[in-house]
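Number of protein chains: 2
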Amino acid sequence: MSSATLQPTTLDRTVIEQIVRQIVLAQNGSAKNGSPAKAYEPKLMVSISPRHCHLTDEHVETLFGPGAKLNPEKNLYQDGFYAAAETVAVVGPRRRMLPTVRVLGPTRSFSQVELAFTDSISLGIDAPVRHSGNIKGTPGCVLVGPKGVVELQEGVIRAARHVHMSHRDADYFGVKNGDYMKLRIESPFCTLVMEDLLVRADATSKLEVHIDTDEGNACFLDAATKVELLKQDAGCGCKH
Amino acid sequence: MSSATLQPTTLDRTVIEQIVRQIVLAQNGSAKNGSPAKAYEPKLMVSISPRHCHLTDEHVETLFGPGAKLNPEKNLYQDGFYAAAETVAVVGPRRRMLPTVRVLGPTRSFSQVELAFTDSISLGIDAPVRHSGNIKGTPGCVLVGPKGVVELQEGVIRAARHVHMSHRDADYFGVKNGDYMKLRIESPFCTLVMEDLLVRADATSKLEVHIDTDEGNACFLDAATKVELLKQDAGCGCKH
Numbered sequence: 750m751s752s753a754t755l756q757p758t759t760l761d762r763t764v765i766e767q768i769v770r771q772i773v774l775a776q777n778g779s780a781k782n783g784s785p786a787k788a789y790e791p792k793l794m795v796s797i798s799p800r801h802c803h804l805t806d807e808h809v810e811t812l813f814g815p816g817a818k819l820n821p822e823k824n825l826y827q828d829g830f831y832a833a834a835e836t837v838a839v840v841g842p843r844r845r846m847l848p849t850v851r852v853l854g855p856t857r858s859f860s861q862v863e864l865a866f867t868d869s870i871s872l873g874i875d876a877p878v879r880h881s882g883n884i885k886g887t888p889g890c891v892l893v894g895p896k897g898v899v900e901l902q903e904g905v906i907r908a909a910r911h912v913h914m915s916h917r918d919a920d921y922f923g924v925k926n927g928d929y930m931k932l933r934i935e936s937p938f939c940t941l942v943m944e945d946l947l948v949r950a951d952a953t954s955k956l957e958v959h960i961d962t963d964e965g966n967a968c969f970l971d972a973a974t975k976v977e978l979l980k981q982d983a984g985c986g987c988k989h
Numbered sequence: 750m751s752s753a754t755l756q757p758t759t760l761d762r763t764v765i766e767q768i769v770r771q772i773v774l775a776q777n778g779s780a781k782n783g784s785p786a787k788a789y790e791p792k793l794m795v796s797i798s799p800r801h802c803h804l805t806d807e808h809v810e811t812l813f814g815p816g817a818k819l820n821p822e823k824n825l826y827q828d829g830f831y832a833a834a835e836t837v838a839v840v841g842p843r844r845r846m847l848p849t850v851r852v853l854g855p856t857r858s859f860s861q862v863e864l865a866f867t868d869s870i871s872l873g874i875d876a877p878v879r880h881s882g883n884i885k886g887t888p889g890c891v892l893v894g895p896k897g898v899v900e901l902q903e904g905v906i907r908a909a910r911h912v913h914m915s916h917r918d919a920d921y922f923g924v925k926n927g928d929y930m931k932l933r934i935e936s937p938f939c940t941l942v943m944e945d946l947l948v949r950a951d952a953t954s955k956l957e958v959h960i961d962t963d964e965g966n967a968c969f970l971d972a973a974t975k976v977e978l979l980k981q982d983a984g985c986g987c988k989h
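One line per chain: the protein sequences are A and B, in this order. Start counting at 1 in the first sequence, then tack on 749, and there's your number in the numbering used here. Start counting at 1 in the second sequence, then tack on 749, and there's your number in the numbering used here.
Worth flagging that the hints you see were computed from the coordinates, not collected in a lab. Do not rely on the hints blindly, as some may be mistaken.
A few chain B residues facing chain A, derived, Cβ under 8 angstroms [what the hints assert, rightly or not]:
hint, residue
1, Tyr826
2, Pro937
3, Phe938
4, Cys939
5, Thr940
For each label pair, taking beta carbons as the anchor points, the in silico distance ranges come out as [to be verified]:
hint, chain 1, residue 1, chain 2, residue 2, range
6, B, Asn883, A, Pro821, 53 to 61 angstroms
7, A, Gly927, B, Arg845, 42 to 50 angstroms
8, B, Glu903, A, Val898, 44 to 52 angstroms
9, A, Asn824, B, Glu900, 40 to 48 angstroms
10, B, Asp806, A, Pro937, 28 to 36 angstroms
11, B, Asn883, A, Ala834, 27 to 35 angstroms
Each residue gets a CB set at the ideal place from its N, CA and C atoms; glycine is no exception.
Isolated chain A (complex conformation) (with noise of 0.2 angstroms):
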């Protein structure tokens, strides 16, 4: 079991909320595989991932002029990515609309649109939880730049609750990449356990669990007293 204590971020909650919130937690347990204590103590990083698009280098040109390119303006934990000066607005089906959804760096192959579910409650779209990349037969979307739209087909998801780590932190906790963990967050009367965190271990990422601000606020997580990773199939925490 790795527990942890909350270290809470001081940054104003209404900027955080159109970027990321996250909290970082210092590591205090052992791992629960059956192995004492060992010295490597991963440090876990919770992040709410709040609605959020990835573009396209095609649509981005389409959104933002020909020759545009995404500006970074905010490193995001993991290396290499970021969340972009650029925002779009997405409409939906009914007219309904987010007006400001921001676009996260670098490009990809495909455009995907990741929303909590009280997001796609409000703009009307019946959006299923599934873990970003898989949108065949997804709900699309309109998205509206400041120099052009694009209309998606499909690519607007919920994104499914994961925690990317390194392969030595999969180790840690003797799970591997494609297996399911679980969270819980231990929250002054709103304490939560998420199960179905998927793994994505990879050489390089940092340990990290994605979830969305639905999930962040269920369990009102800026209060959370103490975080614990778990394997999927060991014990949740509570007494027995």
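Got chain A; can you put chain B on it based on the hints?
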């Protein structure tokens, strides 16, 4: 353990969102307190309470005019309680506003506004998680009705999750009034276990869990395939 199969409602979501979203679950499990399956199998209702407020008689008259009474529009699941036709605007400290907050009846001896955390961010109010009635020291707000305005000095909370039940239901689950339970909601890619579910047992209440919109959205309640109401100190449904 009591497990259940979902019977989705057929109401339009935008309508339900304004009043209440709920699912009725056909019980098909057995109690987990060590005794064999009992003949009595309570029906479990899980209700999402959207933002709403409770008012005193005096505040109803201030907001809706001298002599005004609440007009029941939709009966709630618990006998004697209803969503009123009346709504108020809730104004926060930075003049942000939630324009349509439903009033629930009957009236109470104190006025109280119950928001999801997402609502409280919109409103710019730092609403603490509290159990209903425990409002000492909580933030206030301004309520605006068609005939007047009320300034609440306190009473804005995020209502803590809880479960109403009869003493008979409490016996069935092996709990008593004031205990805590947990609710596991199995939903594709977003299963949640909500701990800290306060038991409110009395002679007449029906078995009903109250969660807020953030909690309901976090687990995509409408798509849930199984719900289990468990003792806080029982296993969480995970394999171990």
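Hints and how they fare:
1. At about 22 angstroms, the closest approach between the beta carbon of B/Tyr826 and any beta carbon in chain A exceeds 8 angstroms, and the interface hint on this residue is violated.
2. For B/Pro937, the interface hint holds, the least distance from its beta-carbon to any beta-carbon of chain A being 6 angstroms, beneath 8 angstroms.
3. Evaluation of the B/Phe938 hint against chain A yields a held restraint, the C-beta minimum of about 4 angstroms falling below 8 angstroms.
4. Interface restraint check for B/Cys939: the shortest CB-CB distance to chain A comes to about 5 angstroms, inside 8 angstroms, so the restraint holds.
5. Residue-level restraint check for B/Thr940 holds (minimum Cβ-Cβ distance to chain A is 4 angstroms; threshold 8 angstroms).
6. At roughly 46 angstroms, the beta-carbon separation of B/Asn883 and A/Pro821 lies outside the given 53 to 61 angstroms, and the hint is violated.
7. The given range of 42 to 50 angstroms is respected by A/Gly927 and B/Arg845, whose C-beta atoms sit roughly 43 angstroms from each other.
8. The hinted range of 44 to 52 angstroms is satisfied by B/Glu903 and A/Val898, whose Cβ atoms lie roughly 48 angstroms apart.
9. Distance hint check for A/Asn824 and B/Glu900: the Cβ-Cβ separation is about 44 angstroms, which falls inside the suggested range of 40 to 48 angstroms.
10. For the pair B/Asp806 and A/Pro937, the supplied restraint of 28 to 36 angstroms holds, since their beta-carbon distance comes to about 33 angstroms.
11. As the Cβ distance of B/Asn883 to A/Ala834 is approximately 44 angstroms, the hint placing it in 27 to 35 angstroms is violated.
The structure does not agree with the numbered hints 1, 6, 11 stated previously, though it agrees with the rest.
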